[in-house]
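Enquirer: Chains as they are written, first to last, in this note's numbering: chain A, 1 to 248; chain B, 249 to 632.
The hints are simulated quantities; they were obtained by calculation from the structure and are not laboratory data. Quantities reported herein were computed from a predicted structural model and do not represent experimental measurements. Some clues are possibly wrong.
Covered stretches of chain A (chain B as the covering partner; in silico rule of three or more C-beta atoms under 8 angstroms from a C-beta of chain B) [said to hold, decoys possible]: (1) 42-52; (2) 156-164; (3) 215-225.
Here are some of the chain A residues that sit facing chain B, going by a computed Cβ distance under 8 angstroms [claimed, not checked]: (4) Q86; (5) L106; (6) T132; (7) L135.
Backbone N, C-alpha and C fix where the C-beta goes; we use that ideal spot for every residue, glycine too.
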Amino acid sequence: MLALDIKNLSAGYGARPVITDISLRLQRGVWYCLLGPNGAGKSTLLRSVGGRVKALAGSICIDGADLHREPDLARRQLGFGISPEQLPGLLTGRQCLEIYAMAQKLNAIDPEVLALCREFRLESALDSFVDTWSLGMRQKLTVLLALLGDPALVVLDEAFNGLDPRSAAILRRELESRVEAGRCAVLLATHHLELVSQAATEAGLMLDGRLAQNWQGEALAALRARGTAALQASLEEASSIGGSTANC
Amino acid sequence: MGLKHLPSILRRWPRCVVLWVTLANQLGAIRLSVRNPRQLAMLLVALLVLTWFSISFDPSPPSLPASIYSLEGKALLTLFLCGAFALVSASRWRRISQSLPASWLASTVSLNGLSHLKRFITALWPLVMCGAGLAVLIGLVTPAGVIDPPPTLALVTFFAALVGTLVGLGIHPANRRHVKSRYVRKPAGQPGASANTSTTGLSLLPVLEAQAMSQPANARVLLLIALVTLPAGISGVMVILSLAGWALLAWLVTLAVALPVAATRANQWLQSTLLPFRTFWSLMLRRTLFHYIVAAALAGPLCLLLEATMLEVLRLIVFSLLLFFAWSSFCILSAWQGRDDRLLGGLGAAGATVLEHRFAGVGSLVAIVIATSCFHQGRRHART
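Bound-form chain A, shown alone (with noise of 0.2 angstroms):
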């Protein structure tokens, strides 16, 4: 079953479509970098999976589950990397988690999540509120509550932005060991190249609105052998072609 299938989905605010035509198809077991350049639609692509906004055309389901239709099916199988800013600055770390597995109708934080956010060394501060908190301690919040109840499809906006190496290192592995498994499939819009190059199984470019390009397999795998900074050229090649879709 497909972690993620978007078919011919357009979004936007209001009745302004801010992308168009997109169709996406993520098997678990895959690690998704959605690159483009600022005011691409990756934000508002991440948004529509999360079901924060409204889908003009098309359908998006999740692990099989309609997220229009089943939206609770499709929700259990989400986890959705809110931006650190959404997060409630009046509340502890503690209460963050407790309240969000709660509203995710699960019985326990799962241990995974709790030996992670003591390898982040995020527990001593679980106490304090979180308006007191930095933005890498936040960000680190944001994505244990993704992870929460082991979902189908972890979806994570610029989720390594503000990270310190060794916490981003402690991420990647997270990640990939997940990946992996086959427990799920991660999208993230990322600027960062580093993660295509080395973590990513399948990467797209976004350029207004459009998904413009798709890197899989040895396409993906050539890219790599050529470097971050041959990736860079590639990226500045398919920008400078604009929106003519090209799926390699």
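Given chain A, put chain B in place with the hints provided.
Expert: Chain B in isolation, oriented as in the chain A frame:
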């Protein structure tokens, strides 16, 4: 209007100036908060209806000057109420209204990249607004001519408000000196991370938001207002009771203002989860309603001491609880649907109050209908 009334008008001019300057600012807030013609039309209709209700049922004396005075007072009060609601919903004004009175000067020090003049104006503007608001409040609760601000003060207020309106700046929340949680009581900590899940934090959120709003700085301003409004020659017990009444009222208003803020924040955070509307609604409402019930239990005897009849007290308590219930349900539904309808909710609450005032029981009925309808609408509403 006959000429014989002219001296009376002249005597009242300082109060009128302060009132109208403040009202101009309130109208500015309405303008800022209204985003489309439909909303503007709705606001104007609501304003007309409120004014009509206020005037048509007023047993005014037949003379023209008296009628005009009455009209002015009612219209001012209605406009002031509308402005206050708009003030809450307008983003630019919200920045100003959320700034801490005692920290305004301190926070402007941290405003980098601004000239000294702009810093001065930025600091002055909210203080002027606070002063003008205070003057209006005093003006509204005292009969005409009993308290008139001195002309110098009125002139200073007028020009400062004018300058502030033209070039005043909002203080961005990022430039505040303290985080909001500074004013919130910290929950008891536990050693290490635990696997428990809990809803306690979410039901506490509106109360925490209210605690953050009613900081010591705001409490000092409230105390000042309360002291100014105390009538002369009353006993010490009455002073304490009066101040307690003010504090209670302020806390209830703060809770009512904090609830939509907390609901919006919680909804943004939990939007992608499985949380159903009924649980969200119940968690948001539970503790705040409990505060209202306790406050009603305290306020009842207080009103009886102030020589109100039992029937009046019961009617007031029932209506207050129902009104809060309706306001909360409406705001929670708006937050759930990702909208900010506090202006509409405020107008609805004002309308229900006018109805209750004129036709006993009708306002309460309207509040029940609003609350029930909001609850059912929320249960039917799918977020996607």
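Enquirer: Work down the list of hints and note, for each, if the structure agrees.
Expert: Now for the hints, and whether the structure bears them out:
1. 42-52: Held - the stretch 42-52 of chain A has 3 residues with a Cβ nearer than 8 angstroms to chain B, which meets the minimum of three.
2. 156-164: This one is violated; 0 residues, fewer than the three required, reach chain B with a Cβ under 8 angstroms.
3. 215-225: Violated, because only 0 residues of the stretch 215-225 of chain A bring their Cβ atoms closer than 8 angstroms to Cβ atoms of chain B.
4. Q86: holds (5 angstroms)
5. L106: For L106 (chain A), the interface hint holds, since the closest Cβ of chain B sits about 6 angstroms away, which is under 8 angstroms.
6. T132: It holds, given that the least Cβ distance between T132 (chain A) and chain B is near 6 angstroms, below 8 angstroms.
7. L135: Since chain B brings no Cβ nearer than about 13 angstroms to L135 (chain A), farther than 8 angstroms, the hint is violated.
Figure legend: structure checked against the earlier numbered hints; hints not met, in rising order: 2, 3, 7.
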